[in-house]
Amino acid sequence: MNSKLLTYIEAISKGMWEEMERDPAVFLLGEDIGGFGGAFKATKGFLQHFGEDRVVDTVLAESAILGASVGAALAGMKPVAEMQFSDFVTCGFNQLVNNAATTHYRWNIPVPMVVRLPSGAGIHGGPFHSRNPEAWFFHQPGLKIVAPSTPYDAKGLIKAAIRDANPVLYFEHKRLYRHVKGEVPDDDYLVEIGKADVKRQGTDISVITYGSTVHQALEAAEILQQENGTSVEVLDLRSLVPLDKEAILASARKTGKVLIVHEDNLTGGIGAEVAALIAEFAFQNLDAPIKRLAAIDTPTPYSPTLEEFFLPSKEKVVNALKELARY
Amino acid sequence: MATVLSMKEPKETKKIRWKDLGLSSAQLIDFYKRMLLIRRFEERAAQEYGKSKIGGFCHLYIGQEAVGVGAIEALREDDYIFSAYRDHGHALARGMDPKVIMAELFGKFTGCSKGMGGSMHMFDASKNFMGGYGIVGGHIPLAAGTAFGSKYLGKDSVTICFFGEAAANQGVFHETLNLAALWKLPVVFICENNRYGMGTAVERAHAVWDIYQKASAYDMKRGWFDGMDVIESYRAVKAAVDHARQSNEPTLLEARTYRFRGHSMSDPIHGHYRTKEEVEEQKKSDPVPRFGEELLHAGILTQKAVDDMEAEIKTIVNQAVEFADQSPEPPADFLRENVYS
Ligand SMILES: Cc1ncc(C[n+]2csc(CCOP(=O)(O)OP(=O)(O)O)c2C)c(N)n1
Ligand SMILES: [Mg+2]
Numbered sequence: 001m002n003s004k005l006l007t008y009i010e011a012i013s014k015g016m017w018e019e020m021e022r023d024p025a026v027f028l029l030g031e032d033i034g035g036f037g038g039a040f041k042a043t044k045g046f047l048q049h050f051g052e053d054r055v056v057d058t059v060l061a062e063s064a065i066l067g068a069s070v071g072a073a074l075a076g077m078k079p080v081a082e083m084q085f086s087d088f089v090t091c092g093f094n095q096l097v098n099n100a101a102t103t104h105y106r107w108n109i110p111v112p113m114v115v116r117l118p119s120g121a122g123i124h125g126g127p128f129h130s131r132n133p134e135a136w137f138f139h140q141p142g143l144k145i146v147a148p149s150t151p152y153d154a155k156g157l158i159k160a161a162i163r164d165a166n167p168v169l170y171f172e173h174k175r176l177y178r179h180v181k182g183e184v185p186d187d188d189y190l191v192e193i194g195k196a197d198v199k200r201q202g203t204d205i206s207v208i209t210y211g212s213t214v215h216q217a218l219e220a221a222e223i224l225q226q227e228n229g230t231s232v233e234v235l236d237l238r239s240l241v242p243l244d245k246e247a248i249l250a251s252a253r254k255t256g257k258v259l260i261v262h263e264d265n266l267t268g269g270i271g272a273e274v275a276a277l278i279a280e281f282a283f284q285n286l287d288a289p290i291k292r293l294a295a296i297d298t299p300t301p302y303s304p305t306l307e308e309f310f311l312p313s314k315e316k317v318v319n320a321l322k323e324l325a326r327y
Numbered sequence: 328m329a330t331v332l333s334m335k336e337p338k339e340t341k342k343i344r345w346k347d348l349g350l351s352s353a354q355l356i357d358f359y360k361r362m363l364l365i366r367r368f369e370e371r372a373a374q375e376y377g378k379s380k381i382g383g384f385c386h387l388y389i390g391q392e393a394v395g396v397g398a399i400e401a402l403r404e405d406d407y408i409f410s411a412y413r414d415h416g417h418a419l420a421r422g423m424d425p426k427v428i429m430a431e432l433f434g435k436f437t438g439c440s441k442g443m444g445g446s447m448h449m450f451d452a453s454k455n456f457m458g459g460y461g462i463v464g465g466h467i468p469l470a471a472g473t474a475f476g477s478k479y480l481g482k483d484s485v486t487i488c489f490f491g492e493a494a495a496n497q498g499v500f501h502e503t504l505n506l507a508a509l510w511k512l513p514v515v516f517i518c519e520n521n522r523y524g525m526g527t528a529v530e531r532a533h534a535v536w537d538i539y540q541k542a543s544a545y546d547m548k549r550g551w552f553d554g555m556d557v558i559e560s561y562r563a564v565k566a567a568v569d570h571a572r573q574s575n576e577p578t579l580l581e582a583r584t585y586r587f588r589g590h591s592m593s594d595p596i597h598g599h600y601r602t603k604e605e606v607e608e609q610k611k612s613d614p615v616p617r618f619g620e621e622l623l624h625a626g627i628l629t630q631k632a633v634d635d636m637e638a639e640i641k642t643i644v645n646q647a648v649e650f651a652d653q654s655p656e657p658p659a660d661f662l663r664e665n666v667y668s
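Chains as they are written, first to last, in our numbering: chain G, 1 to 327; chain U, 328 to 668.
With the rest of the complex left out, here is chain G (with noise of 0.2 Å):
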């Protein structure tokens, strides 16, 4: 089997190339994906090949965006829609909530629509370009949301979400773009949605986590193997909705103690859904309380300094397995 090495963004480029090439229905929008190829260039050469029908190029506008997505889809079109950064989708957040969330609800249509979302911070983006907005989609049935941390994760995920009957937001980690390479096959795979991944083995403690924070864990899991010999699994979710509650639970049952990771805010993200889960399901096989680390619950600073203290690091996961391995 062939592969290549590619980054994370290059991987979710070439997800959406093979889908378009592979299907006619399927068609990109959103603002400056042309000719300037996106604002991060994950659209870059595809007006060149593919032409202006099929990668367009839309006004400042993401309600019409998401909203003509919604259309196109009905219409027997597979969207790709893509919002500049995923602090936009504010601007257009009827659209996904009301009308894509609940068309196949109300009147069993399918919705085929993919929402890509640029998002997190770590680039000193400030308030208003840093956000992690999944948990505000996360409540709201009717909605796939996936968000990958790998390139092999990325290209699968993107395939499967285009292949998708219903509307998937696609969260894919700024920071990942060109900081996070691997090998990526060159055949036709998809990653299942829904599917958590277990990403190191582990016996001791298992991190939950998904997105950036997915490789701090990795790290700071070698660390402690390294320096405590405390033998960390990392499962990463992949999918947030659906969310994989039997790889969740196994993990938990395995290990006892859960660390449960999050770039987003603490209060009200995924993390907490999860804990309610293990607490729920998995409660005899607890040997320490659930513990969370996520971004603090304040709007992201632009300030470099208390932006990476606002932030997960390598470090603060590194402690908290400590703590958790102590207790």
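These are computed hints drawn from the structure, not numbers from a lab. Check the hints yourself; a few may be wrong.
[What the hints assert, rightly or not] FRET-style restraints, in silico, Cβ to Cβ:
hint : chain 1 : residue 1 : chain 2 : residue 2 : range
1    : G       : E315      : U       : V606      : 43 to 51 Å
2    : G       : R106      : U       : E530      : 38 to 46 Å
3    : U       : W536      : G       : E315      : 49 to 57 Å
4    : G       : G229      : U       : S379      : 34 to 42 Å
5    : U       : T642      : G       : R178      : 38 to 46 Å
6    : U       : P658      : G       : Q225      : 29 to 37 Å
7    : G       : H139      : U       : S379      : 32 to 40 Å
8    : G       : Q226      : U       : G422      : 55 to 63 Å
For each residue, glycine too, the CB sits at the ideal point set by N, CA and C.
For chain G, the structure is supplied; the task is to place chain U with the ligands on it using the hints.
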């Protein structure tokens, strides 16, 4: 880089074109000085960005100085101003301290947002400068809100609101225009049409290219002016602001202008969406030397005065950078303190 102004005869004799506006020589010189300050401040911000002293996203106002300066000079101190994310120039035109602006760009505790915001978050409540917003178009209804407040409270202050032409494609722009016209609010919307929203030209993004005509749907007063000419900017905005003050009627103005730099620091000056020739052609009507030459020709400025002004501004900008550089980082425990009042 010092400005050397050519002494060649302007094509039309416009020496007295500002007479009817009742502007004094001192005011005219002040217009020029403010534009020059913005230009030099922004050039320096670009350099500091290159040195990684400034991070994140940073949008420069170079090329559009005449719009902000002319418009803001037409205001009273109790009038409100809203800007978008290309906001350093508006903040400087309003008289915000360059040190505080630079410190915010550096993410320091002495910045106007205590380093929490950065480039897109300039703010000075003491000057009714209401910011600085990073979500395109998102601030436009806030301007209707302050105008509503002024009217309700029986004050005769006016609100002006700057935004780019791409922002006029957001639904909230239309929602706000309708509301301002219906409620008769003292607000002037100033669309800085610099021809591009990132890499998208006006012609590719608007069904109607004359942005000011969008007000016709709301039966609102409207017009456009040469945004490369500070006098025209002053003239147009003054008339609209006076009208708003007297009759509580809103206006939509379109400033026809041009940005000389890339959209943000990562965007090259020219590339796939505009040619080098186009940018060079536009630079021929660079608002700063254009006005400087006019003042020189009218005998209001001398080359010596221009040189002195350059030196003074250089010191101001140097001091702003020094101040920013030496200022403390925001302390970690500050983070949680400001979320609620
Ligand atoms: C809601 C929203 N969508 C997209 C963006 C990204 N973005 C920032 S500026 C910009 C272009 C805006 O152009 P215009 O309004 O003409 O202002 P200019 O940059 O020309 O001053 C875009 C697409 C954003 N900040 N907010
Ligand atoms: Mg513009």
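Hints, one by one, checked against the model:
1. Remark: the range hint 43 to 51 Å for E315 (chain G) to V606 (chain U) is upheld by a beta-carbon distance near 46 Å.
2. Against the hinted window of 38 to 46 Å, the Cβ-Cβ separation of R106 (chain G) and E530 (chain U) comes to about 39 Å, which satisfies the hint.
3. A C-beta distance of roughly 54 Å is found between W536 (chain U) and E315 (chain G), which places it inside the suggested range of 49 to 57 Å.
4. Between G229 (chain G) and S379 (chain U) the Cβ separation comes to about 40 Å, which falls inside the hinted range of 34 to 42 Å.
5. The beta-carbon spacing between T642 (chain U) and R178 (chain G), approximately 40 Å, falls within the hinted interval of 38 to 46 Å.
6. Distance hint check: the CB atoms of P658 (chain U) and Q225 (chain G) are about 35 Å apart, consistent with the given range 29 to 37 Å.
7. Between H139 (chain G) and S379 (chain U) the CB atoms are about 39 Å apart, so this pair conforms to the stated range of 32 to 40 Å.
8. For the pair Q226 (chain G) and G422 (chain U), the supplied restraint of 55 to 63 Å holds, since their beta-carbon distance comes to about 58 Å.
The structure fails none of the hints (numbered hints given earlier).
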